[in-house]
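Number 150 in the UniProt record's numbering belongs to position 150 of the sequence shown; there are no gaps in the numbering.
Everything labelled a hint here was simulated from the structure, so no lab data went into it.
Wrong hints could be hidden among the right ones.
[Unchecked claim] Straight-line distance between alpha carbons at most 27 angstroms, and here's what the computed DSS-like set of lysine-lysine pairs gives:
#1 LYS298 - LYS344
#2 LYS319 - LYS339
#3 LYS100 - LYS65
#4 LYS96 - LYS108
#5 LYS339 - LYS298
#6 LYS65 - LYS298
#7 LYS65 - LYS94
#8 LYS344 - LYS319
#9 LYS65 - LYS344
#10 LYS118 - LYS94
#11 LYS298 - LYS319
#12 LYS65 - LYS108
#13 LYS108 - LYS94
#14 LYS96 - LYS118
#15 LYS339 - LYS100
#16 LYS118 - LYS108
#17 LYS96 - LYS65
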Amino acid sequence: MVSGVCAQFRAFKRSSTVQEGDVRLAASRLSFGGRVEIFHAGQWGTVCDDGWDLDEAHVVCRQLKFPRALSVMTGGEGYYDKPASGPIWMDDMKCKGTEKYLHACTFKGWGITDCTHKEDVVIQCDAAGYMESAALSSYLLDHSINLSDELGEVFSDERFCDLSITAQSSLQDQEDTTLHDSTTLCAHKVILSQVHAFNITQETQNITVQIASNCLPHFSSFIRYLYTRYFIHESAAWSDTLQRWFFLPRRASTQRYEETADERRGTNMVLSCSADFKNVHVSRVGELNPTHGFSSFKFVPNTDDQIILALKSEEDGGKIATYIMAFTIDGRFLLPETKIGDVKYEGVEFI
């Protein structure tokens with residue numbers, strides 16, 4: 001397809017459990033930023049902003065697979081959606097900026113601080129240069145255990161929501177007077193685009209639905225349920241050329257996660273969205289084989305990110321196999337699924 005380019009297959013160990021020293025950005029309206037939190041002694045805690053500048057922020061962003069930090073907000077209470085209530089794990093941070101992990105920097109000691117949560121540090125990372133290697137590292141986008149709960153929190157917080165849904169109902173009272181009631185909530189296209197009944201397109205901004213009056217009090221809970229179904233992702237990439245995120249979900253289901261059944265919940269979907277996770281587009285590649293799930297993909301060089309080379313793997317009843325395929329970003333096959341071995345490959349690279 002492209003002369004002078006070859007593909008190298010590599011196997012990677014997946015990791016979806018939280019480990020000592022892991023960091024995250026939480027509770028902020030900022031895109032690709034938020035309050036710095038670190039996992040220690042089995043509990044997430046915050047970090048005081050004393051001593052913080054870009055050196056410390058760079059360490060956190062790189063630990064999260066961003067190339068660099070863009071800014072640090074000290075005294076960042078006004079940026080929080082929700083104030084923290086747990087421990088403040090770190091204070092008086094001093095980093096060189098080259099450390100691989102935040103806990104490798106010097107600080108007072110775990111839990112030793114004179115700060116309050118009003119001094120929790122907030123940073124913002126460079127999203128445009130997000131490292132594609134994130135999909136092949138210990139930060140795989142595989143949250144098959146607790147993704148449902150986390151997406152439920154995303155719905156409840158309404159952060160980055162881009163779709164207004166109004167539910168309306170009518171009821172006749174004892175005097176035959178028609179009473180109208182409604183409720184409006186904010187949701188996310190990237191989630192609800194999977195519900196075909198909503199008929200969501202990139203241009204959709206508002207949806208109005210008519211429901212029975214006795215259902216209206218439960219409408220928010222119903223929409224939240226649509227979030228708590230699960231996707232399992234093992235592959236994601238940022239396109240600098242197209243300025244869009246691309247996701248090829250490995251598994252998807254409306255049912256509760258169950259290990260054996262999960263082997264037959266593969267997808268043929270290509271999801272893409274803008275940098276702020278809006279402007280969502282969904283396409284499908286070929287006929288669905290439910291035992292085949294995406295494990296890795298890369299944009300083919302010199303195609304302006306219009307062509308994807310992807311791997312699908314199969315783990316069903318002891319059967320293991322890997323398939324290679326190529327297609328355009330709108331789902332048109334260039335190379336149909338072709339078996340390449342009775343092993344599971346979890347990575348593909350162009351070298």
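Looking back at the hints listed earlier, which ones does the structure fail to meet?
Those not satisfied come down to hint 15.
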